[in-house]
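Number of protein chains: 2
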Amino acid sequence: MDRELARRWLSTAYEEARAGLAEGGIPIGAALYGTDGSLLGRGRNRRVQDDDPSVHAETDAFRAAGRQRSYRGTTMVTTLAPCWYCAGLVRQFGISRVVVGEAETFHGAHGWLAVHGVEVVLLDDPACAELMREFVDGRPDLWHEDIGVDG
Amino acid sequence: MDRELARRWLSTAYEEARAGLAEGGIPIGAALYGTDGSLLGRGRNRRVQDDDPSVHAETDAFRAAGRQRSYRGTTMVTTLAPCWYCAGLVRQFGISRVVVGEAETFHGAHGWLAVHGVEVVLLDDPACAELMREFVDGRPDLWHEDIGVDG
Chain A
1 MDRELARRWL STAYEEARAG LAEGGIPIGA ALYGTDGSLL GRGRNRRVQD
51 DDPSVHAETD AFRAAGRQRS YRGTTMVTTL APCWYCAGLV RQFGISRVVV
101 GEAETFHGAH GWLAVHGVEV VLLDDPACAE LMREFVDGRP DLWHEDIGVD
151 G
Chain P
1 MDRELARRWL STAYEEARAG LAEGGIPIGA ALYGTDGSLL GRGRNRRVQD
51 DDPSVHAETD AFRAAGRQRS YRGTTMVTTL APCWYCAGLV RQFGISRVVV
101 GEAETFHGAH GWLAVHGVEV VLLDDPACAE LMREFVDGRP DLWHEDIGVD
151 G
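Which chain is which? The protein sequence lines are A and P, in order.
Per UniProt numbering, the very first residue in the first sequence carries number 1; after that it's consecutive.
Per UniProt numbering, the very first residue in the second sequence carries number 1; after that it's consecutive.
Quick caveat, the hints were computed from the structure, so don't treat them as lab data.
None of the values given here were measured: they were computed from a predicted structure.
Cβ coordinates follow ideal geometry from the N, Cα and C atoms, glycine included.
Warning: the hint list may mix true and false statements.
Here are a few chain A residues that sit away from chain P, every Cβ distance over 10 Å (derived from the structure) [said to hold, decoys possible]:
{"no.": "1", "residue": "8"}
{"no.": "2", "residue": "38"}
{"no.": "3", "residue": "89"}
{"no.": "4", "residue": "97"}
Covered stretches of chain A, as calculated for chain P (at least 3 residues, CB under 8 Å) [to be verified]:
{"no.": "5", "segment": "64 to 71"}
{"no.": "6", "segment": "118 to 127"}
A short list of chain A residues far from chain P (calculated; beta carbon distances all over 12 Å) [said to hold, decoys possible]:
{"no.": "7", "residue": "15"}
{"no.": "8", "residue": "23"}
{"no.": "9", "residue": "39"}
{"no.": "10", "residue": "103"}
{"no.": "11", "residue": "105"}
{"no.": "12", "residue": "111"}
{"no.": "13", "residue": "137"}
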């Protein structure tokens, strides 16, 4: 896909991540875009805010998009490489494309998605990486809890 | 694990599935059990009831269990073989074991979990299979929507 468009869509996810940080949450944001480029849903990690471990950024954006009969042609945009949980969501529902802000602070499962036919666009965005790096440095406990790394 | 215990735990998930059916929902239930055998959370598919595509039975049980610092030694019990989304959840959070009611009406990703070190106990439970078979026969539209199969 066009990288300029991918960067524009990433800015929506990045806004979500910043909003999450401002709420005291884990700064990861996501957005689901439709085949026609319309925004279907946007969301952010809500572990801290809602005290809910099941709400990663991608699952929140997916939820916000409501019930859809098909995800063919849709794009999940996320500030951070998707974990297995979120990659599983993408694969199960047949989301066609994933735009990843950065995969530097967390490796993620986007390679697995690519192997299984999902188009992966990795943007190596410095602002996304900086936001996450600062958070992980300051709150490694929360970050490890969020990805199931035993303390 | 002991199959009698697995069957006892499965009955919790089955109750959830029945409750979901009674609400007009997709009859899939789940429960998360702790290392010591205590029930950490139970839940059911809520796509119809909450109009929320992100709540599969396993993610609902996971949410109900609240924030946990570690999932080592826990068991996810589910009436139906987990999809990629729910299998991804299990893998990411290091849930140690999955008890599957049946994998006849839906193949699921439990084989992938087994390859990645998760203990999988498949019970081939006739009541779980019957419940799901009847539902899929009656409402294939809802079922396909729930697993992202394009109509």
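Hints and how they fare:
no.	hint	in the structure
1	8	holds (25 Å)
2	38	holds (17 Å)
3	89	violated (5 Å)
4	97	holds (15 Å)
5	64 to 71	holds (count 7)
6	118 to 127	violated (count 0)
7	15	holds (21 Å)
8	23	holds (16 Å)
9	39	holds (17 Å)
10	103	holds (16 Å)
11	105	holds (16 Å)
12	111	holds (14 Å)
13	137	holds (20 Å)
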